[in-house]
Amino acid sequence: MFPVPVRRLLPALFLSGLAMVQAGASREAAAGPTLDAVKARGALVCAMNGSRPGFSMVDSKGEWSGLEVDVCRAIAAATLGDAGKVQYVKSTTQTRLTVLQTGEVDVTLSNVTWTYGRDADLGLDFVTPTFYDGQGFMVPKKLGVKSVKELDGAAVCVRPGSTSERIIADAQAKYSIKITLVVIEDQKELNTAFFGGRCDAFVQTTSGLSAIRAAVAPNPEDFVILPEIFGKDPMGPVVRQGDPQWRDIVQWTVFALFEAEERAITSKNVDQMRRDSKEPEVQRLLGTAGSASGKGLGLDPEWAYRVIRQVGNYAEIYDRSMGDGSRLKLSRGVNQQWTNGGLFYAPPF
Amino acid sequence: MADARSFAVAGGGPPQPPPPVARGAVGWARRHLFASPFDALVTLALGLLIAWLVPRAFAWAVVDAVWYAPDGQACRAATGACWAVVAEKHRLILFGTYPYDQQWRGAAVIAIFVALIGLSSIGRIPVRLRLAAWGAGASAGLVLLLGGVFGLSPVGTHLWGGLPLTIVIFVGTVAGGMPLAVLLALGRQSEMPAIRAVSVGIVEVVRGLPLLAVLFVVSLVFPLFVPPELSIDKLVRAILGMIVFFGAYAAEIVRGGLQAIPAGQHEAAKALGLGYRLRMRRVVLPQALALVVPALLNDIIRAFKNTTFVAILGLFDVLGATKVALEDPAWVRHAPEIYVFIFLLYLLFCLAFSRRGMAIERRLAARKR
Numbered sequence: 005m006f007p008v009p010v011r012r013l014l015p016a017l018f019l020s021g022l023a024m025v026q027a028g029a030s031r032e033a034a035a036g037p038t039l040d041a042v043k044a045r046g047a048l049v050c051a052m053n054g055s056r057p058g059f060s061m062v063d064s065k066g067e068w069s070g071l072e073v074d075v076c077r078a079i080a081a082a083t084l085g086d087a088g089k090v091q092y093v094k095s096t097t098q099t100r101l102t103v104l105q106t107g108e109v110d111v112t113l114s115n116v117t118w119t120y121g122r123d124a125d126l127g128l129d130f131v132t133p134t135f136y137d138g139q140g141f142m143v144p145k146k147l148g149v150k151s152v153k154e155l156d157g158a159a160v161c162v163r164p165g166s167t168s169e170r171i172i173a174d175a176q177a178k179y180s181i182k183i184t185l186v187v188i189e190d191q192k193e194l195n196t197a198f199f200g201g202r203c204d205a206f207v208q209t210t211s212g213l214s215a216i217r218a219a220v221a222p223n224p225e226d227f228v229i230l231p232e233i234f235g236k237d238p239m240g241p242v243v244r245q246g247d248p249q250w251r252d253i254v255q256w257t258v259f260a261l262f263e264a265e266e267r268a269i270t271s272k273n274v275d276q277m278r279r280d281s282k283e284p285e286v287q288r289l290l291g292t293a294g295s296a297s298g299k300g301l302g303l304d305p306e307w308a309y310r311v312i313r314q315v316g317n318y319a320e321i322y323d324r325s326m327g328d329g330s331r332l333k334l335s336r337g338v339n340q341q342w343t344n345g346g347l348f349y350a351p352p353f
Numbered sequence: 005m006a007d008a009r010s011f012a013v014a015g016g017g018p019p020q021p022p023p024p025v026a027r028g029a030v031g032w033a034r035r036h037l038f039a040s041p042f043d044a045l046v047t048l049a050l051g052l053l054i055a056w057l058v059p060r061a062f063a064w065a066v067v068d069a070v071w072y073a074p075d076g077q078a079c080r081a082a083t084g085a086c087w088a089v090v091a092e093k094h095r096l097i098l099f100g101t102y103p104y105d106q107q108w109r110g111a112a113v114i115a116i117f118v119a120l121i122g123l124s125s126i127g128r129i130p131v132r133l134r135l136a137a138w139g140a141g142a143s144a145g146l147v148l149l150l151g152g153v154f155g156l157s158p159v160g161t162h163l164w165g166g167l168p169l170t171i172v173i174f175v176g177t178v179a180g181g182m183p184l185a186v187l188l189a190l191g192r193q194s195e196m197p198a199i200r201a202v203s204v205g206i207v208e209v210v211r212g213l214p215l216l217a218v219l220f221v222v223s224l225v226f227p228l229f230v231p232p233e234l235s236i237d238k239l240v241r242a243i244l245g246m247i248v249f250f251g252a253y254a255a256e257i258v259r260g261g262l263q264a265i266p267a268g269q270h271e272a273a274k275a276l277g278l279g280y281r282l283r284m285r286r287v288v289l290p291q292a293l294a295l296v297v298p299a300l301l302n303d304i305i306r307a308f309k310n311t312t313f314v315a316i317l318g319l320f321d322v323l324g325a326t327k328v329a330l331e332d333p334a335w336v337r338h339a340p341e342i343y344v345f346i347f348l349l350y351l352l353f354c355l356a357f358s359r360r361g362m363a364i365e366r367r368l369a370a371r372k373r
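Residue numbers (this note's numbering), protein chains in the order written: chain A, 5 to 353; chain B, 5 to 373.
Source of the hints: derived by calculation from the structure; they are not laboratory data. Treat each hint with caution, since some may be false.
Only pairs whose alpha carbons sit at most 25 Å apart, straight line, appear in this in silico SDA-like list of lysine to any residue [said to hold, decoys possible]:
id: 1; chain 1: A; residue 1: K65; chain 2: B; residue 2: G152
id: 2; chain 1: A; residue 1: K43; chain 2: B; residue 2: A78
id: 3; chain 1: A; residue 1: K146; chain 2: A; residue 2: P224
Just so you have them, the derived chain B footprint on chain A, three or more residues with Cβ under 8 Å [said to hold, decoys possible]:
id: 4; stretch: 73-83
id: 5; stretch: 100-111
Note that the Cβ used here is the ideal one computed from N, Cα and C, for glycine as well.
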């Protein structure tokens with residue numbers, strides 16, 4: 005097979021290479037403000053983890069779903085008019101911020117915890133959180149425990165040296181209870197120990213607990229996550245610094261999701277609300293107040309209407325991603341609107 | 005042994021069959037399994053291991069296995085394997101995030117690839133025809149995957165995944181890496197110091213880097229200092245990285261072949277008035293490459309398995325898609341079954357390559373005689 009000159013193959017190789025280069029070039033062409041680039045490309049590029057149940061997952065048909073996926077789709081609906089015009093770039097913990105810095109993606113939605121260090125040092129902007137994670141306690145339902153306060157004398161499964169150990173110490177001091185630690189290094193062993201009944205409670209991030217419950221528990225309904233949350237783990241979209249318009253677009257898209265939930269506007273009733281509502285804030289949100297709405301963001305007045313119609317409000321997203329409409333069945337906790345005692349608070353529209 | 009002597013008696017009638025203990029299954033076992041006390045010990049130990057292992061493996065894989073479980077519930081109670089997970093996830097594993105209703109195009113690419121491997125092992129087809137078939141197959145495969153012509157909807161490379169992606173990377177790596185390897189090997193033997201230095205430099209630097217680092221550089225560092233207008237597709241970047249890596253390793257193999265060609269061959273070709281190009285193309289390289297087929301095949305098989313590294317770039321090759329498939333809470337408990345499936349898949353392809361390599365070696369050996 006070798007004696008034939010390779011040279012004869014070169015034209016074919018070159019052409020096929022060229023085709024791919026062109027396909028790539030069209031994807032990342034325009035420079036300048038991010039919105040222009042997104043519109044020129046006709047697609048929003050989001051960096052996604054793809055392996056976090058509830059946040060971003062790929063189903064058996066290769067379709068993406070999850071809370072962060074829906075936020076990405078909402079931004080696409082606002083900017084491009086179609087929630088489907090999205091390209092997902094699967095990224096790992098190591099690459100999720102680098103691909104944003106290099107301009108390969110427009111926004112990163114990949115369980116990035118907003119911290120001082122990251123925000124100050126990386127040349128990135130953390131937009132408002134879309135999920136507040138934290139450490140929580142999971143217990144078997146049959147214990148009848150409703151609060152961490154009642155866990156006096158309990159044995160708790162935990163990983164060594166983790167934040168969880170510190171959280172348990174805090175909880176003991178706060179509620180003056182006594183907890184016995186069952187420290188196990190390996191996550192699988194830890195799961196076995198808890199579901200095998202060696203401990204009364206299991207401490208980890210609440211999103212992690214709900215995923216473990218859905219995946220490993222013999223019967224997920226036999227376990228509850230207690231309402232108390234410890235520690236701070238705010239996660240949300242991240243954008244490049246230096247494009248205030250783009251940052252505003254992402255931020256107000258998230259606020260539109262919050263505002264819609266607060267005003268009980270859903271994907272089902274949005275058309276009717278749009279027709280009937282006399283409230284000026286609803287009219288501004290849904291683009292019936294006049295043509296000026298949205299202009300400051302570089303968008304048309306109906307941007308938020310499309311977001312709600314195509315993707316839904318925050319409650320709808322949460323429900324199908326990690327709430328009762330999903331396998332994870334994670335209760336909302338602090339991930340509620342402020343009107344229900346949660347942490348989400350959209351400035352007035 | 006006493007019997008043996010009786011055979012030697014002159015005119016002792018028809019030859020006697022060997023004694024019963026040396027015949028049939030018993031004889032075979034005595035010769036092959038219990039020839040010495042040590043052999044007997046090894047046989048017993050391994051026999052026990054097999055007797056212990058096989059029934060358990062069979063029970064896990066067949067008897068207690070669950071073959072059908074639409075939502076994974078039936079698998080929760082099962083003690084055996086849950087093959088339903090393969091049925092549920094095979095599309096994601098084989099085609100990644102390629103649009104679901106267009107996945108027949110990926111299947112066609114796999115079929116083309118398998119057909120080309122099969123075609124290549126038929127020795128009667130002339131080499132040129134075979135190379136032409138590979139060229140046509142590769143072009144057809146790219147057109148199928150990319151789309152945008154002949155009524156096929158366009159599919160960006162960011163959606164490619166699974167086995168077709170693995171095949172594209174593998175074929176691209178070998179097709180680009182082999183010429184590079186030959187060039188680098190020739191460059192290293194060149195009489196021009198500049199070319200020699202560049203070739204040595206490339207080979208030594210690339211060989212000194214882990215593949216993972218090469219891929220990180222092309223995918224993450226490269227875009228940092230290239231303006232967005234000039235940036236090229238992530239998949240193309242990954243393939244370029246693999247080509248350089250493959251080329252640097254294979255170059256040393258080719259150089260080994262070049263050094264094994266006696267100086268007399270060069271001199272004879274020169275005496276015939278052949279220039280450098282003709283001398284290399286017609287005399288030296290054909291012999292040199294024929295010498296190093298086993299070693300090259302080694303590298304080619306490794307290139308196939310190395311495609312799994314692109315998963316760290318966020319590309320959904322077979323293994324990358326598998327990892328994502330296993331995050332599904334409903335199926336996360338069934339990683340062993342999925343990995344058995346992946347193991348068989350890779351084994352199948354790598355075996356096909358090595359069979360094909362053996363066929364080439366046989367053909368070359370026949371030509372020598």
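Margin query: Check whether the Cα positions of K43(A) and A78(B) lie no farther apart than 25 Å.
Written below: At roughly 47 Å apart (the allowed maximum being 25 Å), A78(B) and K43(A) break the hint.
Checklist line | Pair hint outcome, K65(A) versus G152(B) [Cα-Cα no greater than 25 Å] | finding: 22 Å, holds
Check: If you look at each residue in the stretch 100-111 of chain A, do at least three have a Cβ nearer than 8 Å to any Cβ of chain B?
Finding: holds (count 6)
Next item on the list: Compare the distance between the alpha carbons of K146(A) and P224(A) with 25 Å, and conclude whether the hinted pair is satisfied.
Entry: Distance of about 13 Å is within 25 Å: holds.
Next item on the list: Count the residues of the stretch 73-83 of chain A whose CB lies closer than 8 Å to any CB of chain B, then report whether that count reaches three.
Entry: violated (count 0)
When the structure is compared with the earlier hints, violations turn up for hints 2 and 4 and for no others.
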